[in-house]
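Asker: Throw the hints in and build the complete structure from the sequences for me.
Going by our numbering, the first residue of the sequence shown is number 879, and it counts up by one from there.
Since the hints were made in silico from the structure, they are not lab data. One or more of the hints may lead you astray.
[As the list claims (entries may be wrong)] Estimated spans, in silico, between C-beta atoms of each pair:
1. S932 / K884: 17 to 27 Å
2. A901 / Q935: 31 to 41 Å
3. A902 / D937: 32 to 42 Å
4. A891 / Q935: 19 to 29 Å
5. D920 / K884: 16 to 26 Å
6. A901 / D937: 26 to 36 Å
7. L883 / P939: 32 to 42 Å
[Stated by the list, open to error] List of simulated lysine-lysine pairs, BS3-like, C-alpha gap at most 27 Å:
8. K936 / K884
9. K884 / K906
10. K906 / K936
The C-beta atom is built at its ideal place from N, Cα and C for all residues, glycine as well.
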Amino acid sequence: MAQQLKLWLDPEADYLEVTFSDAAGYMKETTHDAVMERVDADGNVIGFSVQGISRFQKDAPLSADLNR
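Answerer: See the structure below:
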């Protein structure tokens, strides 16, 4: 079964959000100061966000650990 992915980009706020589920959840810090993970009540990652996305170099990937 395919999983739906949603992307939101707000250029004015320099913010990107990606969700894998419409389930209720909350944002939680990660090891990277610009990345937050969205988790459901059971702690499953259902999305993530990146603040200040334009500051990252185009030729170097942003790397962050998300809990699973």
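Asker: It remains to establish, for every hint, whether it holds in the given structure.
Answerer: Evaluation of the provided hints:
1. S932 / K884: 17 to 27 Å: Given a distance of about 21 Å, which is inside 17 to 27 Å, the answer is holds.
2. A901 / Q935: 31 to 41 Å: holds, 33 Å
3. A902 / D937: 32 to 42 Å: holds, 37 Å
4. A891 / Q935: 19 to 29 Å: The hinted range 19 to 29 Å holds for A891 and Q935, with Cβ atoms some 20 Å apart.
5. D920 / K884: 16 to 26 Å: Given range 16 to 26 Å: holds, Cβ gap about 20 Å.
6. A901 / D937: 26 to 36 Å: holds, 35 Å
7. L883 / P939: 32 to 42 Å: At roughly 18 Å between Cβ atoms, P939 and L883 fall outside 32 to 42 Å, so the hint is violated.
8. K936 / K884: Distance ~22 Å between K936 and K884 Cα, so the pair holds.
9. K884 / K906: holds, 19 Å
10. K906 / K936: holds, 26 Å
Hint 7 alone, counting from the list given before, is not met by this structure.
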